[in-house]
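Visitor: Chain by chain, the residues run as shown.
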Amino acid sequence: MPPAGIFGLGRSRGSCVKSLLPILTVIGAILLVWVVAVVPMNMHLTADQAQRDGLVVSPETPAERQVHSGLGLTLKNPALMRLTYNLERPRLPSPHQVGAEMWDTIFAKKITSRRSLVYHGWVTLSATLLGFAIGTTLGILLAVGIVYNKAMDMSVMPWAIASQTIPILALAPMIIVMLGAIGIQGLLPKSIISAYLSFFPVVVGMVKGLRSPDGMKLDLLRTYHASPAQGFWKLRLPASVPYLFASLKIGISASLVGAIVAELPTGARAGFGARMLVGDQYGQPMVTWAALFAAAITAAALVGLFSALERLTLRRMGMAAA
Amino acid sequence: MTGTAIISALAVWGAGWFINTRLAQSAAAQTRFVQLLVPAIFGLTILIMWELLVRLLEISPVILPPPTSIAARFAQETPLLWADFQQTIVKGAMSGYIIGALAAFGVAILADRSDFLTRGILPVGGFMAALPIVGTAPIFVKWLGSDWESKAAVVGVMVFFPILVNTVAGLRDTTSMQRDLMRTYGAGYWPTLFKLRLPAAMPFIFNGLKIATTLALIGAIVAEFFGSPTVGMGFRISTSVGQLALDLVWAEIVVAAIAGSAFYGLMAWIESRVTFWHPSQRK
Chain S
2 MPPAGIFGLG RSRGSCVKSL LPILTVIGAI LLVWVVAVVP MNMHLTADQA
52 QRDGLVVSPE TPAERQVHSG LGLTLKNPAL MRLTYNLERP RLPSPHQVGA
102 EMWDTIFAKK ITSRRSLVYH GWVTLSATLL GFAIGTTLGI LLAVGIVYNK
152 AMDMSVMPWA IASQTIPILA LAPMIIVMLG AIGIQGLLPK SIISAYLSFF
202 PVVVGMVKGL RSPDGMKLDL LRTYHASPAQ GFWKLRLPAS VPYLFASLKI
252 GISASLVGAI VAELPTGARA GFGARMLVGD QYGQPMVTWA ALFAAAITAA
302 ALVGLFSALE RLTLRRMGMA AA
Chain A
14 MTGTAIISAL AVWGAGWFIN TRLAQSAAAQ TRFVQLLVPA IFGLTILIMW
64 ELLVRLLEIS PVILPPPTSI AARFAQETPL LWADFQQTIV KGAMSGYIIG
114 ALAAFGVAIL ADRSDFLTRG ILPVGGFMAA LPIVGTAPIF VKWLGSDWES
164 KAAVVGVMVF FPILVNTVAG LRDTTSMQRD LMRTYGAGYW PTLFKLRLPA
214 AMPFIFNGLK IATTLALIGA IVAEFFGSPT VGMGFRISTS VGQLALDLVW
264 AEIVVAAIAG SAFYGLMAWI ESRVTFWHPS QRK
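One line per chain: the protein sequences are S and A, in this order. Quick note: the first sequence uses the working numbering, first residue 2, plus one each step. Quick note: the second sequence uses the working numbering, first residue 14, plus one each step.
In isolation and in its complexed conformation, chain S is listed as follows (with noise of 0.2 Å):
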């Protein structure tokens, strides 16, 4: 299959400069999407308010503004477009809004707080690189094996392949209750979850980077009567570190995502998923939009993070991205 990954960034490398006003361009666009949706998303409960405030507002009744589409009852009410941008619990918050939420959970807490986004970011983050950390060793150690041992290969190997098409996700729910039942609770279920989320990705990429060296390569550590330990260490080992570092940028997302989700359906009292929840339930738009620009900024962070070490990585040992 051509390379093309689910990451873009790769390929724009080096015309980064060139890239800025297109990228700037396009975000921008999508700031203005929704800063213009906020309107019509937001005119009824706005119109509703404004009504009990004593404003004028047609047509008169609730019952009769259903009717009407957002769009339509804007067109009805233009001097109430403005207010549609500070409701107190928006159906979609405007940018300002999430934004002055965010500097408020962020910057303005204590980071021991319980409103603090910071911790819940930490409770959430401690899960995700703990479960990272040991679904990529146990996934590198797999690929030794499948790609040493052709019994593991010919086993294990279709089992890797084929469970990249499930949804591993919907384990989540499960994997906590078992786990709690055998009286582990905590950090460790969530990070289960992320480890096996990160695993099946690093094994696969792994098998693929560990074979990459061709005949030609192999054949030459031969000539040099190279031990299979050294053929390892000196030739497959570092042959495999771009394909390991597309599968650590995959897996990373992917552990952050599990690590999410599994404190959703356990009622988990900290963590960006725990805050969504709470939004979701309590009826406070801004706190759950909050958390997940919040997930998404750590989620961008992450993968920034192994970009930037792939790039140092691989132009210090002189090789391309795979």
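If you're looking for bench data, these hints aren't it; they were derived computationally from the structure. Note that the structure is predicted; figures quoted are calculated from it, not measured. Please note that the accuracy of each hint is not assured.
[To be verified] Taking lysine-lysine and the DSSO-like style, the derived pairs with C-alpha atoms no more than 30 Å apart in a straight line are:
#1 S:K235 to S:K218
#2 A:K155 to S:K110
#3 S:K151 to S:K218
#4 S:K209 to S:K151
#5 A:K155 to S:K77
#6 S:K235 to S:K209
[To be verified] To spell it out: a stretch of chain A is covered by chain S in this simulated footprint if at least three of its residues, at any positions, have a beta carbon under 8 Å from a beta carbon of chain S; those stretches are:
#7 36 to 46
#8 75 to 88
#9 150 to 162
#10 230 to 237
#11 242 to 256
#12 261 to 275
Just so it is clear, CB atoms sit at the ideal spot from N, CA and C, and this is done for glycine as well.
Using the hints, position chain A against chain S.
Guide: Below, chain A alone, put in the same frame as chain S:
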């Protein structure tokens, strides 16, 4: 008792491993039959060990039900599982997948006309594809209600970015020689798009479509954890976990696994028919 259990499980493992090692080293290892047989034996070994350990160690079915009781539950609850499958996979995942894919194709073809937009969309789309979009589920459930529409919306957003990035990348995957050839034929934008660039982009597009199959299922199931009618795979998983009916949960997971592989297999089959000319598809 514990000793017997562990010894018998190890014996099963040893027997399975012995057969597989012999098969892998035999002369027939390259035949298709053996290549299917070996993973099947491995899977069967795991299942037998699971059954033995659960039965002999008397592990509570609340922690881990044995495979036989999962199979019995699967057979017994087929109508229920079928209804859940239709709600979640057919209504939620499939419709969202189609909407997301069509939207991605549309945006890709529009963006493709401008090099400027392409250079913006590739990195932003790649970035978005790595985000935990499944977290938008509570928002969509609030907007669109708890029935399948909200699941389709979550799925649509989740599959949109990988398909978009792959389609845009694929549409750029023609050489200047090929484009020049089209120009010498006097082909305009649309004939070039349909006769050269879209076919050349197909391996990329199908890569995106295949990645998106799993995402679609995940989105549809996880979104149901946030609210659903009293039918659906995610609903059944979360309520059965609450009732400690873990055999039903496992039966749902079996359905999800079959649906996931079938969906992926379907896309791979279509791919092999559409991109039969590509080196990776040649036999």
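Visitor: Indicate, hint by hint, whether the structure satisfies it.
Guide: Do the hints match the structure? See the list:
no. : hint             : result
1   : S:K235 to S:K218 : 11 Å, holds
2   : A:K155 to S:K110 : 28 Å, holds
3   : S:K151 to S:K218 : 21 Å, holds
4   : S:K209 to S:K151 : 15 Å, holds
5   : A:K155 to S:K77  : 25 Å, holds
6   : S:K235 to S:K209 : 17 Å, holds
7   : 36 to 46         : holds (count 4)
8   : 75 to 88         : holds (count 3)
9   : 150 to 162       : holds (count 5)
10  : 230 to 237       : holds (count 4)
11  : 242 to 256       : holds (count 5)
12  : 261 to 275       : holds (count 8)
Going through the hint list in order, the structure satisfies each hint without exception.
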